[in-house]
Amino acid sequence: MLTPALYRTRVTHVRRAPVHHFFEHRGYSWYIDIDQPPRLPRWLAPFARFDARDHLRGGPKDSLRQRVDAFLDEQGIDLQGGTITALLQARVLGYVFNPLSLFWCHDRHGALRCVIAEVHNTYGDRHAYLLDPDSSEPVDKQMYVSPFNGMDGHYRVRAPLPGPLLDVAISLHREGHPTFVATLHGMRRRVTVAEVVRLQFAAPLAPLTGALAIRMHGIYLWLRRVPLTPRPHTVTREGIPAREH
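Letter 115 of the sequence shown, counting from 1, is numbered 115 in the working numbering, and no numbers are missing.
The set of hints was computed from the structure by calculation and includes no laboratory data.
Straight-line alpha carbon distances no greater than 20 Å define the calculated DMTMM-like cross-link-like pairs of lysine to aspartate or glutamate that follow: (1) K61 - D33; (2) K61 - D73; (3) K61 - D51; (4) K61 - D35.
Here the structure is a predicted model, which means the values were calculated and not measured.
All chains, full assembly: derive it from the sequences and hints.
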């Protein structure tokens with residue numbers, strides 16, 4: 001559980017129905033202890049700012065730890081001060097887009113109690129799913145993510161704790177088959193000033209380019225006449241438990 005760390009990532013999306021489509025995008029992700037976010041020189045801070053308001057629900061002055069603890073409390077889980085690590089995007093020049101943020105929640109003895117998978121869409125909505133420690137149980141889809149996927153189906157998430165390698169996958173299943181699969185792979189790198197600077201050249205404005213890549217491939221699917229699912233009128237811009245959505 002070496003934190004903080006950076007992962008140079010490769011994201012893939014594979015759509016298997018109603019058309020087959022593949023795309024990949026390269027970027028990077030932060031892996032942090034949410035109680036001890038990285039401290040960078042002031043001149044570099046605009047390229048790696050962590051804002052609690054980008055995740056879950058809470059007051060404007062609540063810390064990310066307070067927001068995660070509040071979410072867990074609603075689910076009847078008390079970590080008793082245990083460590084919470086997160087894989088997420090930092091703000092770069094004020095912009096952030098987190099398609100998937102993951103929180104590994106440990107109790108005070110170090111045992112992994114649960115994983116929170118928070119999904120964000122390009123409309124500014126977000127929804128948090130509570131997963132078992134081994135992520136083996138499917139979770140029903142609760143939020144509109146893409147106009148090319150309906151609201152039916154369930155997710156299966158594979159999210160082992162990051163180590164030297166990062167290996168995360170989330171798949172959307174319908175009628176017993178995976179119709180969409182997203183993966184996130186990466187190699188761990190130490191957080192240094194030189195590494196953060198280098199990543200700004202290797203993957204400039206990574207959150208923005210990631211969001212643009214998703215939109216561009218959406219246009220491609222639209223041109224291929226993939227059926228559209230209208231966005232529901234009732235949406236949320238907060239991370240809230242599934243039972244409240």
